[in-house]
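Given the coordinates of chain A, assemble chain B with the ligands onto it according to the supplied hints.
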Amino acid sequence: MTPAAATATTNSGPAVAFDNVYLGFDEGDILRGVSFSVPARETLVLLGETGSGKTLTLKLAAGLLKPTRGNVSVLGHQVSSMSEKELLSLRERIGFVFQEGALFDSMTVGENVAYRLREEHVKETEIEPRVQEALQFVELEHTADQLPSELSGGMRRRVSIARALINRPDIVLYDSPTAGLDPITSQTIISLIMRLRDVYGVTALLATQRLQDGFALANFCFDKEAKHVVRVSPNRRPKDGQTADATRFMVYKDGRIYFEGDPQELSSTKDPYLRRFLV
Amino acid sequence: MAARSVKNLATGPRYFQDALDQMDDIGVGSLPIVLISGFFIGAVMVLQTGSQFTRFGQAALTGDIVAIALVRELGPTLTGILVAGRCSSGIASELGSMLVTEQVDAMRAMGTDPSRKLITPRVLATVLMLPLLTALNDFVGLLGGCVASVFSLRLGAVEFWTRAIKALDFADLMQGFTKPMVYGFILATVGCYKGLNVRGGTQGVGRATTQAVVLASVLIIAADLFLTKLALYLGDKLF
Ligand SMILES: Nc1ncnc2c1ncn2[C@@H]1O[C@H](COP(=O)(O)OP(=O)(O)OP(=O)(O)O)[C@@H](O)[C@H]1O
Ligand SMILES: [Mg+2]
Numbered sequence: 009m010t011p012a013a014a015t016a017t018t019n020s021g022p023a024v025a026f027d028n029v030y031l032g033f034d035e036g037d038i039l040r041g042v043s044f045s046v047p048a049r050e051t052l053v054l055l056g057e058t059g060s061g062k063t064l065t066l067k068l069a070a071g072l073l074k075p076t077r078g079n080v081s082v083l084g085h086q087v088s089s090m091s092e093k094e095l096l097s098l099r100e101r102i103g104f105v106f107q108e109g110a111l112f113d114s115m116t117v118g119e120n121v122a123y124r125l126r127e128e129h130v131k132e133t134e135i136e137p138r139v140q141e142a143l144q145f146v147e148l149e150h151t152a153d154q155l156p157s158e159l160s161g162g163m164r165r166r167v168s169i170a171r172a173l174i175n176r177p178d179i180v181l182y183d184s185p186t187a188g189l190d191p192i193t194s195q196t197i198i199s200l201i202m203r204l205r206d207v208y209g210v211t212a213l214l215a216t217q218r219l220q221d222g223f224a225l226a227n228f229c230f231d232k233e234a235k236h237v238v239r240v241s242p243n244r245r246p247k248d249g250q251t252a253d254a255t256r257f258m259v260y261k262d263g264r265i266y267f268e269g270d271p272q273e274l275s276s277t278k279d280p281y282l283r284r285f286l287v
Numbered sequence: 523m524a525a526r527s528v529k530n531l532a533t534g535p536r537y538f539q540d541a542l543d544q545m546d547d548i549g550v551g552s553l554p555i556v557l558i559s560g561f562f563i564g565a566v567m568v569l570q571t572g573s574q575f576t577r578f579g580q581a582a583l584t585g586d587i588v589a590i591a592l593v594r595e596l597g598p599t600l601t602g603i604l605v606a607g608r609c610s611s612g613i614a615s616e617l618g619s620m621l622v623t624e625q626v627d628a629m630r631a632m633g634t635d636p637s638r639k640l641i642t643p644r645v646l647a648t649v650l651m652l653p654l655l656t657a658l659n660d661f662v663g664l665l666g667g668c669v670a671s672v673f674s675l676r677l678g679a680v681e682f683w684t685r686a687i688k689a690l691d692f693a694d695l696m697q698g699f700t701k702p703m704v705y706g707f708i709l710a711t712v713g714c715y716k717g718l719n720v721r722g723g724t725q726g727v728g729r730a731t732t733q734a735v736v737l738a739s740v741l742i743i744a745a746d747l748f749l750t751k752l753a754l755y756l757g758d759k760l761f
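Quick mapping for you: the protein sequence lines, in order, are chains A and B.
Numbering-wise (the numbering used here), the first sequence opens with residue 9 and increments by one.
Numbering-wise (the numbering used here), the second sequence opens with residue 523 and increments by one.
Hints are supplied without guarantee of correctness; some may be wrong.
[As the list claims (entries may be wrong)] So, partial list: chain A residues that the calculated Cβ filter (under 7 Å) puts toward chain B:
| no. | residue |
| --- | --- |
| 1 | Glu-100 |
| 2 | Ala-110 |
| 3 | Phe-112 |
| 4 | Met-115 |
It should be emphasised that the hints constitute simulated quantities derived from the structure, not laboratory data.
C-beta atoms are modelled at their ideal positions from N, C-alpha and C, and glycine is treated no differently.
Pulled out of the complex, with its shape left as it was, chain B reads as follows:
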């Protein structure tokens, strides 16, 4: 199914309007939760690491560490899991309901390929939107961290920002943006798969929805390990 959604991109007919609608729903719709959580995670990170560094008199290092942790790890993974909670479930329940009310059959009966009309736009939209959401999440996270460091570590805001930005190199950004693309692919395909394989009516839709979130979250965390390993390896080789 995943392969089919990619293959559909190369051949017509394509459903651009559907993809745009999905981008709006997935991207803009997820903005609030992503921004709010991002802010607090950034702040918490600063408090936790800051309190450790202060013990060694190195409070200034907080910016470096928090920036790297956010961009490489927490930003993508947290965004992935948040969006999985919101969109894998949404996709699974929407497609599941369409399946049990025969709307998917109706689509096929009218000459539409459901994998083109339903799967591809969702996968495409998520793969494109998740890196953007992650970037915003990272930014707001640093903002939250900055606020926290000013108020509790008595670190200057300018110092925090310069250190944070200096700490990041190209490899970090690469890692920070490849991950969400993979996560987006995972969470959308899992949602579609669970939705289009519903068994047993309305109850089945509920079950598929839960399963989609759980499976997508676990897969994202598991993928994180492999992607991190790969990124570190490539980072050593290339940069």
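For reference, chain A alone in the conformation it holds in the complex:
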């Protein structure tokens, strides 16, 4: 990352902004005019039925796909008009947790987590403790020498989170991190996301089909002193230093944003389409 590029992003603009974004394939447009923005340190929960374009939205935000029309900007950079080479360095500040984990299956868990550091030519002596720390964060330090295929689905998802957070990204994009997991494992994953938000203050874009995930993020926070998850009382914002800031919701329908608002609005809605997510 060039120094100029780094300083350009210290301004207080939104971390991620979509402006009238269209994305289509041969079969037609999937996203049709999506505009939203995520301020720094906020968590945006992206809800939608399967095939509504959640994954595509996250890939657009990481610059893995280019919109057919419209603008995507991340940390003050116009992602949609950047070359792949420029994108590669911007992505150092973005963590991506893929829907299926997308771990490198020919590398051990430890090598997967260390991948980014090795790419950035961090000294080997420094890599070891950082990998341990990241794996400890997701409570999988004993699996460092195993291959991803030897882990359960939930463990793989956690490794994927460890891999995304290893270089302390400013933004983390979670693609359906709880899809296909049992409720207990899902809860573990969500509390990890919560800890990342409250300990490191990352900006997050979380795609999910499960509304509970979003509500959990909105109503609980990780207490650093007590080292466990506590409930946020609705009329009292967390005290200084804690960053369980805003959690907002966005619902996709037919390639457009159908609803955007805070948790209270969503839970008190009368709209029949939205109520389907509430059950």
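Quick look at chain B with the ligands alone, frame taken from chain A:
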């Protein structure tokens, strides 16, 4: 894509370790099939040509002919096709699986250029290893030919070797080593291209794998014609 893999060599970051791993896999891994086939092809060549030459009482010429045919033609092309069968398919299926399981996207998401990390090491490794494999194939082929000539043509082993080696000149060797470099380039890029352009999940990976072998083999044979023509032309001009 082919151009990009070359351009990547000139600029950083480079992945030497990956290239070494690939050389091990492609070079050492292909050794058995190349050696075994080489031996038998050499022997068969001697039997076939030998039986013709004996009719004219010129059995001694067998060594010359077999050496030239092996070094110029059969060695490179056979090695190319064998390695294409093994490595174009291997590369296509490996990269294809990585693509459908989003590992390629994951790589990009973590700031790695897949063309550097995946394509360049494979192309480089194949271009460097194929001439070596061809040289071994040629040698073992002559060995097989020698064995066959001793046992069936009653030609002395020493006579076979001296004639074979005398028959070869510098132009033959040039041709025999340029060809495998081109073939290596073809088979690796075809494998990478097919693998990274997979459509349609696991089934698509299977299809890409087959297509890679077929396309690489056909291209190698087609390239052989042009390279031979070119080599003969240059050979006349220069030597
Ligand atoms: N590479 C592609 N080529 C063509 N169509 C695609 C491609 N990728 C996605 N699509 C289509 O785009 C639509 C949205 O896909 P997307 O993966 O974003 O859905 P999603 O909201 O993440 O669904 P899920 O909750 O099941 O993960 C789907 O209908 C899919 O068929
Ligand atoms: Mg998805």
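Quick rundown of the hints versus the structure:
1. Glu-100: 5 Å, holds
2. Ala-110: 4 Å, holds
3. Phe-112: 6 Å, holds
4. Met-115: 10 Å, violated
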